[in-house]
Amino acid sequence: MARIILSRKKEWANRARKFNVFIDGEKKDTIANGEIKEIELDPGKHKIMLKVDWCSSPELELDLKEEKSKTIEVCSFKANRWLMPILYIIVGIYFIAKFVYKIDLTIVLYLVLPLTLVYIYYLSFGRKKYIEIEEI
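Using our numbering, the first residue of the sequence shown is number 136, and each one after it goes up by one.
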């Protein structure tokens, strides 16, 4: 039997969500945050895709050989690593300034708009690129 080793990076934004692993269109397993899983498959060509809710990864085609393994690394889109913390910092600064120091920083909320548009893209038109998958 051939096998694939799925390695999911630890992430802050999706830490509570498990990704569903689909191989050749059939759900085979789930993978949690920071987890490594081994899945045994028949040798030959296989298409691998991961899904979470309505978002997914592009399909990755692998040609597996008998008694060989291939390692695949998965994570959410790269901008997700810095996008969420920046959004929280900006909104936090706004609320501290408004309610603690009584300073109106409504202009700061305009910084949230472009960052929110990136999220909206990945949750709508770019939903098939939400999860990144690559063979390493």
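These are computed hints drawn from the structure, not numbers from a lab. Mixed in with the good hints there might be a few duds.
[As the list claims (entries may be wrong)] Calculated pairs, DSBU-like style, for lysine-lysine (alpha carbon to alpha carbon, straight line, at most 30 Å):
#1 K237 to K186
#2 K263 to K172
#3 K144 to K180
#4 K200 to K233
Now the hints, each set against the structure:
1. Distance hint between K237 and K186 is unfulfilled; the C-alpha atoms sit about 44 Å from each other, more than 30 Å.
2. Between the alpha carbons of K263 and K172 the distance comes to roughly 22 Å, so the proposed pair stays at or under 30 Å and holds.
3. Between K144 and K180 the alpha-carbon distance is near 25 Å, which keeps this suggested pair within the 30 Å criterion.
4. Simply put, K200 and K233 have alpha-carbon atoms about 61 Å apart, too far for the 30 Å limit, and the pair is violated.
The structure does not agree with the numbered hints 1, 4 stated previously, though it agrees with the rest.
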